[in-house]
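Hints are included, so try docking the two chains, each in its own frame, into the full complex.
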Amino acid sequence: MIERIGALVVAALAWAGEVGLFGLRALREALRPPFEAKELLRQLYDIGSRSAPLIAVAGFSVGIVMSMHSRSSLERFGAEALIPSVLALSLAREIAPLVAGLLVSGRVGAGIGAELGGMRVTEQIDALESLAVDSFKYLVVTRVLACMIAQPILTTFMSFTGIVGGFVAETVISDLSFRLYFDRAFSSMQFVDYVPASLKTVVFGFIIGTVSSYLGYNAAGGAEGVGKASTKSVVYSSILLILANVVLVKMIIFFFPEEIG
Amino acid sequence: MPSSRNFAVGLFLIVGILLFAVGLFMIGDRRKLFSQDFELYAEFKELSGLQNGADVKVGGMAAGEVIDIEVPPQPQSKFRVKMRIIEKLHPVVRTDSIATIQTEGVLGNKFLKIDQGAPQAQAAPPGSTIPSREPFDFADLLQQIRDTVEEVQGKMGDVFASISTTSGNANALIESVRGDVENIISTSRKVTDDVQEITDGIRAGRGTVGRLLNDEKVADSASKAFSDFEKAAGNTREISQQFTHILSEFQERKILQEIEQITKNVRQLTGQAKDAITDFQAKGGKGESLTGNLSRTITSAGEAMSSLAENMEALKRSFFFRGFFKNRGFYDINNVTVAEYREGKFAAGKLRQQAWIYETELFAHGSDGSEELSAAGKSRLDAVMAEFQRYLRNSAIIVEGYSGKGLTSEQFLLSTDRALKVREYLVEKFRLDPNYVGTMPMGAVASKDNSGTYWEGVAVVVFYDKPD
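Sequence order for the protein chains is A and B.
As numbered in our numbering, the first sequence has no gaps in its residue numbers, which increase by one up to the final residue, 261.
As numbered in our numbering, the second sequence has no gaps in its residue numbers, which increase by one up to the final residue, 468.
Please keep in mind that the hints were generated in silico from the structure rather than gathered at the bench.
Heads up, some of the hints might be wrong.
Subject to a maximum C-alpha distance of 30 Å in a straight line, what follows is the list of computed DSS-like cross-link-like pairs (lysine-lysine) [what the hints assert, rightly or not]:
hint	chain 1	residue 1	chain 2	residue 2
1	B	Lys-82	B	Lys-110
2	A	Lys-250	B	Lys-110
3	A	Lys-250	B	Lys-82
4	B	Lys-429	B	Lys-466
This structure is a prediction, so every number in the text was calculated from the model and none was measured.
This is chain B alone, in the form it adopts within the complex (with noise of 0.2 Å):
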C-alpha cells in the first residue's frame, strides 16, 4: 500500500501545484505579462474611474494595462495615465492615435481605448505621450444640449435682425445704383447712335472716306479701325443690353425675391446663419466684395464710356476722319487731280509751308543720264525736315515735283520721278507715314522771275492745322 499511497500523494501535490501553476500563467497572460511590452503616457482631465490595471485595447484587442496613474501636482494639470502595451501592437499605436477611456458594456469595468494611428504618422516612440479625448459623458451630452439650444433661440433674434439690415442695405444699394445705371444706359445709346451714323455714312461711301478705303493699306487699317470700333460698339450695346436687363431685374424686384428666399433658408441655418451675416456684413466680408464689384463694374462701364468718347474725339482729329466731321470736301491726295491741286482744294482751309529745293541741289546724275539723290541733296532735305518737324504730326506732306524738260509727258515722268525719290527718301529717313506723305507731279511751271525758264527741282509742301 505505501506505492499506492505515495502515489496518491504525489498526483495529490503536483496536480494540485499545476492548478496553481496554470491560474498564475492564465492571470499573467491576461496581464500580457509574459511578453514584450513599451510603455506609453496619456494625459486626461477627467479619469471616470479608470484603475490601476485597467485594460488597454488597441483597435479592440486587448494590448495590455494601465500600470500607473499620476496624480496631478495642481488643478490646471492632468491625471497622468501610464499603460503597458504589447510590442507586437506597437506597429499600430502612432503619434496621432488617441487615448479615451471607455466602459465595457453599460456596466462594464473601464478601459482604455487606443485608435489606430494614420499610416502616415510615425510609431510612437516608448514613453511617449500620445493625444487623448476626455471620456464622454451622458450628462455632459444633455447639458450641451441644453446651452446650444438656448444659444440658438439667442442668436434666432440677432439673425432676424441681421436679415433686415442686410436688406435694408440691398435696398439702398439698389436705389443708389438706379441713377447710375440710367445714366450709363442713355450715355450708351447716345454713343450707339453717333457710332451707327458714322458707320452708316462710312459703308455708304460719303466723302472722301470712303473712297480712301480703296487704298490696300489705308483700307487695310481702317477696316481694323473698323472691326474695333465695331467691336467697342457691340460692347457698348451689350453692356446697355446688361445694364438694361440688370435695371429691369431690380425693377421687377426679382433680386429682391431671391433674398427673401435667402431668408427664409437662413431661418432654418440659425446659427451658422448668423455667422454667415456677421461674415457678409464685416469690413472685407462678401457684403462689401458685392457692392464694390458693382460700384467697379459702373466706374469701368463709365471709363470705356468715357475712353469711347475720346476715341470719337481723336477719329474727329485724324487726319483721315476729322473731314467728314468738318468738311466733306477733304479730298484723297491719290485722287486729286494736278489741276484741282493749284486750285486749292486739297487741304482747304489749311496752312501750307513750302521749300523749293532746285534740281541742281539735289540730284547727281549717273552715267546713263537718270538722276539720283546726291548726298549734298540729302543733307539739304534734311535740313528742310528739320525746319517742319513741329507740323509733322498728323500733317500731310506732299512732295511736288518739277520739270519743264522735253514734252509734256516727258515732263510729268521727269517730275513724277523726281517726287517720288524725294517722298521715298523722307518717309525711309524720318519714319513718316506712308499715309500722311503724297506726291504731286505739277510738270512744267514757269519760274517767277520771268526768265522763260521752268521750274527744275521739287517743292516740300507740309499741310498743317491752325494752332488752337
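With the rest of the complex left out, here is chain A (with noise of 0.2 Å):
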C-alpha cells in the first residue's frame, strides 16, 4: 500500500517536474526567434477576443449577485454605503482573478487540449516536424504566451463588467449616480489590491497554456486519449490555478503586509 502511494507520488512529482521543464522550455522558447507573431495573434484572438463575451456576462452576473449578498449582510449594520467598495474590493482582489481563470481553463483548457492531442492523435504534429517546422514552437510557445496575456486583460473585464452589474443591482434599490457608485467603489482600493491581483493572472495563464498544452502535445491513444487530454486539461489547469492562488495570494500578503492585512 505505502508503495503503491510512494509510487503515486513518485510519479506525480515526474509528472509535475515534466509539466514544469515543458512550461519553462516554452518561456526559454519565447524568447528566441523566430516569434510565430500570426500564430501568436491567432491564439489571442481564441482565446483572449473569444473568451471576452463570457467573461463580459459572468463579471456581470457575479456582479450582480455579489452586490446583492452585500447589500443583504451589510444592511443590517446600516452600512449600505459600503457595497460598492465591498464589491469592487472584493472583485479586485480574489473574485475577478480566481472565476476568470476557471472559466478561461475550461474554455480554452479543453480547447487547446483537444486541439493539440487531436493534432498528436492523427499525426499532424509529426507533419509538421518533417515540414522541418518547430511545432513546439508554432503550437506550444505561442499558446502558453497568449493564455499569459489574455489572462489579465480578461480579469480587468471581470472585475469592471462586475462593479458595473453591482451598480445595475444597487440602482434597481437606490437612485446612486453611477459617478458616486464608481468613485465609492475606488474609495477604499490601493495599488496592492489592485495590480499584484492582476499580474498573478500572468501566472494562472501561464498555468492553463502550459498545463493543457502538455497534456495535448502528450496525447496517446487516439480518440479516446483527446479526450482523456482535453477532460485532464480542465481539471488539471483548474486545480493547479486554485493551489497556485494560495501560495500567490499567500505571496502577495508576504511582499505587501501591511496594506492587505
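So this is what it looks like as C-alpha cells:
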C-alpha cells in the first residue's frame, strides 16, 4: 500500500517536473526567434477576444449577485454605503482573477487539450516536424503566451463588468449615481489590491496554457486519448490554478503585509 | 477574416489595457497621487487602529493619506503620523489646526480628521507638526463619568463642611462687629446733636457770631464753613442711618437668610462650589476681602468721627467761634464802639501787648499836607511786628489811631486814616488775615506826661490767649 502511495507520489512529482520543464521550455523558446507572431495573434483571438463575451457576462452576473449578497449583510449594520467598496475590493482582489481563471481554463484549456491532442493523434504534429517547422514553438509557445497575455486583460474585464453589474443591482434599489458608485468603489482600493492581483493572473494563464498544451502535445491513444487530454486539461489546470492562487496570495501578503492586512 | 480577427484582438488588447489604466487612475486619484501635495506630522499617544494609507480629511474633504507611522522609541513618546495633504487645501490647514483620529460611521475605516485653522493663524508650514487630540473612546468616557460621580460624591461632604464653617464665620463676624457699630452710631448721634445745637444757635443769630456773618467776607467763609460743616453733618447722619440699617438687617437676620439661600445654591453646584468656597476662604480670597472691607469701613467711620471731633475742637478754639463756646460776650471789632473798646469789652480775658509809635516816626508829610508812611516808619512797624511774631497765630491785632489836632471830627478822621494806613501796610507786608486785623480810631487821648498835649500816632495792639 505504502509502496503504491509512494509510487503515486513519485509519479505525480515526475509528472509535475515534466510539466514544469515543459513550461520553462516554452518560456525559453518564447524569447528566441523566430517569433510566430501570426499564430500568436490567432491564439490571442481564440483565447482572448472570443472569451471576452463569456467573461463579461460572467462578471456582470457575479457583480449583481455579489451586490445583492453584500447588501443583505451590510444592511444590518446600516453600512449600505460600503457596498460599492466591498464589491470592488473583493472583485479586484480575488473573485475576478479566480473566476476568470477557472472560466478560461474551462473554455480554453479544454480547447487547447483537444486541439493539440487531435493533432498529435492524427500525426499532424509529426507532419509539421517533417516540414522542418518547430511544432513546439508553433503550437505550444504561442498558446502559452496567448494565455499569459489574455488572462490579465480578461480579469480586468471581469472586474469592471462586475462593478457595472453591482451598479445595476444597486440602482434598482437606491438612486445612486454611477459617478458616486464608481468613486465609492475605488474609495478604499489601493494599488496593492489591484496590481498584484491582476499580475498574478499571468501565472494563471501560464498554468492553463502549459498544462493544457502539455496534455494535448503528449496525448496518446486515439480519440479516447484526445478526450482524456481535453478533460484532464480542464481538471488539472483548474486544480493547479486554485492551488497556485493560495501560494500567490500568500506571497502578495508576504510582500505587502500592511497594505493587504 | 484575418483583418476582422486582428481588429478583434486589437480591440481586446486596447480595451483591456485601457480598463486596467482606468483602474490605476481611479485608485491614484483617490489616493491623491496625481496632485501636488505637502507633508505634515501629528503625534498621538493612542492610534486606535489608524493605518498607513488611511484617509486624511480636511474640513470633511478627502485631502490625502497617512504615508508613514513612526513607532515611539520610548514609552512616554508618541506615535508620529506622517501624512500627505493636497496643496489645494494648504490655505485652510493652519498652525492651530487640530488632528484627530475618527471612524467613518460605526464600523468604518479610521481616518485622520484635520480641522480648519483660525484665520489669524499662519498656514502650517510643510513638514511641521500640527497639534492633535487623542481619539475619543466610549469606554474612556464611561470611566470618566464614573470617576466624576465618585469625585462629586466625595466633594459634597467637604462642601457641606465648608458651608457650615463659613456660616459660623459669618455669625462670629456679625457678633464681633455689632459692638463697634453700636458705638459708632451712638457717637454719631451725640456729634449730630452737638452740631445741631451749634447750627441752631448760629441760625438764631445768637451772640457775635451771628452778627459776624454780616461782614461779607466773613460771611462767605463762614457760610462755606457752614456748608462743609452741614455736609459733614449730613454725611454723619447718613452714615449713622446706614449703620442703623445694617444693624437692623443684621438683627433681622436677613443676611443669614441670604447666606442660607446661597448655601442652597451651593449645594446644587457641588464641585464648583467647593472650589468657590476654598477660594472664598483662602488668604486674599473674597471672604477675607469682605471682612477687610467691613473693618476698613468701620475704621474709616471711626476716623471720620475723630476728625469731626477735631474739627469741633478747632471750631471751639477758632477766633470767631471760641467766644460762642467760652463766653458769649465776645464782640465783633466792627461793632465795638470806641467807648466800649476803651472799657476793655473787646477780647476781655485776653492778654494784650501794645507798641506805641509816634506820628513823626511813621509818616512823611506830602506837599498837600497828607500823611504817607515813611521808609523809617515802615522799618519801625517791621520791628514791632518782629516782636509780636510769637503772638500772631490766631490772634487779633488792633491798630489804634490817635490824633488830637483840630475839631473832634478831624481828630476822628485823622486817627482813622492813620490806623487804616498802618493796617493796610501790615496786612500786605506780613500777609495777615484781614479778618484778624482791625482798626480803632481813638481820637484825642491825652498823653501821660500831663503836658496838655495829645497822642499823635498809632498803637499796635495784639490780643492773645493765655499760654496753656
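Compare the distance between the alpha carbons of Lys-429(B) and Lys-466(B) with 30 Å, and conclude whether the hinted pair is satisfied.
Distance of about 27 Å is within 30 Å: holds.
Given the hint that Lys-250(A) pairs with Lys-82(B), does the C-alpha gap stay at or below 30 Å?
holds, 29 Å
Are the Cα positions of Lys-82(B) and Lys-110(B) separated by 30 Å at most?
Holds, at roughly 15 Å.
Between Lys-250(A) and Lys-110(B), is the straight-line Cα distance small enough, at 30 Å or below?
Satisfied, since the Cα-Cα distance of roughly 25 Å is no more than 30 Å.
The structure fails none of the hints (numbered hints given earlier).
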